[in-house]
Amino acid sequence: MKIICIIKQVPDAEARIRSTAAGIDLEGVTFVIDGMDEYGVEQALRIRESGVEAEIIAVALGPKRYEEAIRTALAMGADRAIHLETEEAFDPITQAKLLAKVVGEEAADLLLVGGKEADWDSAALGAATAEALGWPHSDWTTELELTANSAKVTHDADEGSEVLTLPLPAVITTQQGLNEPRYPTLPNIMKAKRKELKKLSLDDVGGAVSKIVILKQEIQTRERLNKIIEGDPMEAAQQLVKLLQQDKVI
Amino acid sequence: MPCYSEQVKATIQADNRRENGLWFELTTDQKALLGPLKDFLKTEVAPGAIERDKTGVFPHEIVRQLGAMGVLGMQVPEQYGGAALDTVTMALITEEIAAVDGSLCLTVASHNSLCTGHILVAGNAEQKAKFLPDLASGTKLGAWGLTEPGSGSDAAALKSKAVDKGDHFVLSGSKAFITQGTVAGTYVLLARSDQAAAGRSSADGISAFVVSADPKIIPGKPESKLGLHSSDTAALNFENLAVPSENLLGKRGRAFSDVMTVLSGGRIGIGAMGIGLGRSALEIAAKYALEREQFGEPIANKQAISFKIAEMATELEAARLLVLKAATLKDAGKDYTLAASQAKLKGSVEGVKACDYAIQILGGYGYVQDYEVERMWRDARLTRIGEGTDEVQHLIIAREYLKQFRH
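Chains F and D are the protein sequences, given in the same order.
Counted from 1, the first sequence has number 210 at position 210 by my numbering; the numbering is strictly sequential.
Counted from 1, the second sequence has number 1387 at position 387 by my numbering; the numbering is strictly sequential.
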């Protein structure tokens, strides 16, 4: 079977990101493969390691720097990669349409996508790609088991979980807890360079225009009130409760 | 001895030596290699560092994981399961490990550069095929037995004997301060097999042997040390240890020059280790100095503190450049003896100094264990002793430097 994992590259969660008048300044920021996508790659590897004959392809849509994240996926064990390279930013729905063309062309059986993209903080990509392909989709997936031509999944529901089966081909989006991704080994990181990385341009998939234009970006700033409640501990605690209720924290 | 693949070499050439001289940014390979490793160190290694320092328990599980990741075969060729990395990258990785856990760094550095390093330098094809795969995967840890109770800086004065019995040698002797002494699966032991030939120095007649763990190699109790508590250090005793002649590593009686090569390579790693510990202490001190307020303002605003930080940052960077230069020379196949000694001397001295300054900046907090800088100081102190003391580095540097002016 053919498994495609969609890869994104996002700023490291601990990176210090600055905001300037021109927008978000990413200079000097460390980028990593999106953690939710890593679950997808790991799951694909585990499917293969369980004895299923599978080719694993990492597919990414993004700027040139995405090569680093693609290399991580290859170093983890993906067989080859396709990079739809563009410096333009697209909204998730447009991204999904572009990616669906690549996935459709490859005639994949299973598409694994991160449950939430850490850059846009959007969970739309997997669902929208499923829509574009016309494939069934399981979101927030915490368990995945394959049979000959279907997938049995457990996925988070609002306050619980559901177990579903989906016919293949299908789109599975990941949730924390699906697995514990492996660390790529040093030899495999070096060997990843020799694996096939096919480059595609937007023209190769028919081009696209983003449906959304970003006008302004700002970074959330957390300001501390630095309020210290003094005096008798009992009274101070009551006052704290009152303040927290006032601000609707509790 | 190019022990990395042609492909890696090509990358070094393309990435590391830009046409207009030195290039100070990490290559794409180095970024790709360091990213997951730093992630591993932060997630799996850092949280237990204080505890391991207290208990002194050898971290078998972490070492196993590092083996699986290829960190225990950093310079071993791919055909033996290694990562075939260049020395520059190895130095960068060594610094990162030291920044998180000095004990673990010494385990990794000594395993890679001493035991494994000696087999890479002097081993024949059969020996490499037999011993390197287990060392590279971490299935077996390596120990290197040079130092003896009576021979340290004067390493050639070792007393261990190897008696030729035709198809095997019989080794007897004692070794002191052997890293991985009690946990190793593979040992390289240095012993005198022959008397020094007439007109040759006392270093002549010493041979090296590669030996699998054997009931006749008896480790002493792990040493109780100032620092590096979860690195394993022990004496070794062996009486009438029979070693097949095919385990003779390098030329009979001529192991000492291999020992010097092995130590030169190892020194790059120890320099990097000092820098890693010093850098970590510097980072802790810098953050502390910005937060800690005395006399109504952060102490970082006080010149007495900020100038210390400036000095630490500058000296560590200078030391790092020496380490990277020595590593670059080694990768280029040039003589790196002088550069390695300079790198080791500067890296260890500045590492210790940065830790000492960090303790001073943190004051009372620096002296207690929770803030880690006192551990870093204790760990770093070894780097001025192991693999050639400061004084031995001065000897080598003076000898190598003066060469050019001698007639």
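Bear in mind the hints are in silico, worked out from the structure with no lab data behind them.
A quick note: this is a predicted structure, and the numbers were derived from the prediction, not measured.
Ideal Cβ placement from N, Cα and C applies to all residues, glycine included.
Treat each hint with caution, since some may be false.
[Unchecked claim] Sample of chain D residues at the chain F side, in silico, Cβ under 8 Å:
| hint | residue |
| --- | --- |
| 1 | 1033 |
| 2 | 1064 |
| 3 | 1084 |
| 4 | 1196 |
| 5 | 1198 |
Review point. Failing hints, ascending?
Key: Hints 2, 4 and 5 not satisfied by this model.
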